Every structure is written in structure tokens, then in C-alpha cells.
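**Student:** Sequence:
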Amino acid sequence: FNWPLNCQGKKIIILIHSSFSAILVGLSGSCVLIPCRFSYPENGKTYTEFKGIWLKGNEESTVFHTDASNIIDSFKGRTSLNGDLGKKDCSLKISSLSSSDAGSFIFRTEIKDLDNIMEKMMEKTLDILSTICVSSPETPENPNVSVEEEVTSGKPVTATCAVSHSCPSDLPKVTWSHDGKQSSPSQPQNHGQWKLTSYSLTFTPSREDHNKHLSCTAEFKGKTLTDYKTLKVKCKSPPLSNTIVIYSISVIIMIKMFVFKILSFKTVITTIHFVISDVQELYFFFQNNTI
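Using UniProt numbering, the first residue of the sequence shown is number 1, and each one after it goes up by one.
A hint or two may mislead.
Claimed, not checked - Below, a list of computed lysine-lysine pairs in the BS3-like style, where the Cα atoms sit at most 27 Å apart: (1) K234 - K181; (2) K195 - K232; (3) K181 - K212; (4) K112 - K93; (5) K181 - K195; (6) K76 - K181; (7) K195 - K234; (8) K221 - K232; (9) K232 - K155; (10) K155 - K234; (11) K212 - K223; (12) K76 - K93; (13) K181 - K223; (14) K195 - K221; (15) K88 - K234; (16) K195 - K87; (17) K181 - K155; (18) K88 - K76; (19) K155 - K212; (20) K112 - K76; (21) K229 - K155; (22) K229 - K173; (23) K212 - K229; (24) K93 - K221; (25) K51 - K87; (26) K223 - K173; (27) K88 - K45.
Claimed, not checked - Here are the computed distance ranges between Cβ atoms for each label pair: (28) E208 - T158: 11 to 21 Å; (29) Y228 - G77: 35 to 45 Å; (30) S80 - R207: 22 to 32 Å; (31) T204 - K51: 32 to 42 Å.
Source of the hints: derived by calculation from the structure; they are not laboratory data. Keep in mind it's a predicted model, so treat the numbers as computed, not measured. Glycine included, C-beta positions come from ideal geometry on N, C-alpha and C.
The task is simple: from the sequences and hints, build the whole structure.
**Tutor:** Structure representation (C-alpha cells):
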């Protein structure tokens with residue numbers, strides 16, 4: 001760029017942290033956070049008045065300015081400083097991304113009463129040649145569901161759904177296909193330049209869930225994506241002590257039934273014996289008393 005050389009006692013410094021990649025990817029319709037830190041020679045003094053300015057590409061279009069009236073119309077209401085200039089944090093947030101936002105962004109700051117000569121200003125400026133290029137894809141990554149390969153009927157289990165996004169303040173809406181206790185999303189974790197947030201669901205599977213899909217649906221602005229895992233449910237085995245008790249009771253009942261049958265059979269035999277004896281006595285009576 002060709003900035004005015006008349007700084008009137010203000011020093012212009014540009015710095016994009018070298019630890020960040022030169023390309024950031026933000027999801028269309030969502031937002032992106034451009035990380036940025038800057039430094040300046042404090043010389044034992046405290047400075048309290050800063051101006052933060054973000055420019056886009058070689059057009060020198062002002063996409064953010066401490067004085068909002070200087071921001072071009074296409075970025076008004078969509079940009080804000082996510083950091084505190086007083087703490088040397090110049091991170092920029094761009095909301096409602098569209099494909100037209102793709103391009104290079106460069107930061108500039110003006111600090112009141114920072115005395116320095118123009119040669120040092122130019123030297124510092126020329127040291128920082130890197131820019132940030134923002135691209136805006138239309139489709140986010142699919143969510144990723146994780147759950148145990150085999151679950152037990154009646155035993156609670158926890159599943160997780162990992163969702164990638166570009167804006168921690170604009171999380172997608174996540175829903176599950178199964179009832180259960182849903183936990184708040186975990187703190188976003190850096191995963192390359194994307195943020196990775198995990199959602200969890202604790203539920204109790206039943207036999208009816210066997211071979212059914214456990215789905216996680218993430219609703220982004222304008223896009224809905226789903227991932228699922230097929231549940232493998234095994235039946236819960238009864239406790240060993242209960243099995244022994246039931247088996248013992250069954251054996252006792254069978255023994256009693258067997259004994260009862262034996263006793264009943266013995267009674268029948270005894271009765272027949274008595275009848276036969278009576279018939280024999282009657283026969284002998286008639287035989288010995290013939291007329």
C-alpha cells in the first residue's frame with residue numbers, strides 16, 4: 001500500500017502473527033475470526049488511545065475502523081474487533097460471510113503520542129509482508145458421530161457428535177434421533193483453522209434399538225448435514241444368583257411331583273390288593289357253604 005507519510009506523531013505498525021496460516025476458511029453465512037496481534041516500542045510509557053483499521057486487499061477498502069463512518073457499505077454492521085487494542089490484540093470478526101468476502105485483509109493501527117521517526121515506521125511496515133486470505137466455501141464438513149460398537153440393553157451409554165465450524169459465537173443447531181440427556185457443547189477446540197465442538201447424548205438403549213440408526217443432525221445457516229452410527233444392542237444377562245435360585249426351585253418342584261406320583265401309584269396298588277383279598281374270602285365262604 002501507499003499510506004500517507006504525514007503521521008503527525010503517530011506510528012503505524014502492521015503485524016500478523018507468523019504462527020497463523022496465511023489462509024483462513026470461513027463458512028458461507030456464518031462468521032470467521034481472523035487472529036491478529038501487534039506490537040510497538042513502549043519506551044516505558046503507557047498509551048491509551050488506539051485506532052484499529054482493517055483494509056481489504058489492494059483496494060484499500062476499509063472493512064473495519066474505530067470510527068464506523070469510515071467503513072465501506074458492504075461491510076458495515078458485519079465487522080468488529082474481537083480483541084482489545086490496549087492489550088495488543090487486533091483480532092477481527094467478520095459475520096454473514098459470502099463468497100464476495102474472499103480476499104486479503106491487512107491490519108493497521110494508529111497510536112496517539114507514540115513518538116518515532118518515519119524511517120523506523122517504514123522499516124517496521126516493510127517487515128510485515130504477509131496478508132490473510134479468507135475463502136468462503138458453501139458446504140461445511142459433515143458431523144461425526146461416535147458411540148460404542150456394541151451397547152447393552154438397559155445400560156446407559158454416551159454418544160458424541162463432533163461438529164466443525166468457523167465461528168464459536170455462531171454454533172450450528174444440533175439434534176439427535178434418540179431421546180436422552182443432552183449436554184452443553186464442549187469448549188471449541190482448535191482443529192487446524194476450524195473449530196471442533198463436541199455434543200454428547202446419554203441414553204439407555206433397548207432391544208428395539210438393535211440395528212437402528214443413531215443420528216446427529218447439524219443445522220448450519222442454509223445447510224443441514226447428518227451423520228449416524230448403527231446401534232448393535234445385546235440383551236442384558238440375568239444375574240447368576242437369580243439363575244441358581246430359579247433352577248433350584250424348579251428341581252424341588254419336579255422332585256415333589258415325582259414323589260406325589262409314586263405315592264399315588266402305591267395307594268392304587270394297596271387298594272387293588274385289598275379288593276382281591278376280599279373276593280378270595282367271599283369265594284372260600286361260598287365254596288364251604290354249598291347247599
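**Student:** Are there hints from earlier that the structure breaks, and if so, what are their numbers?
**Tutor:** 2, 6, 7, 8, 15, 30 and 31
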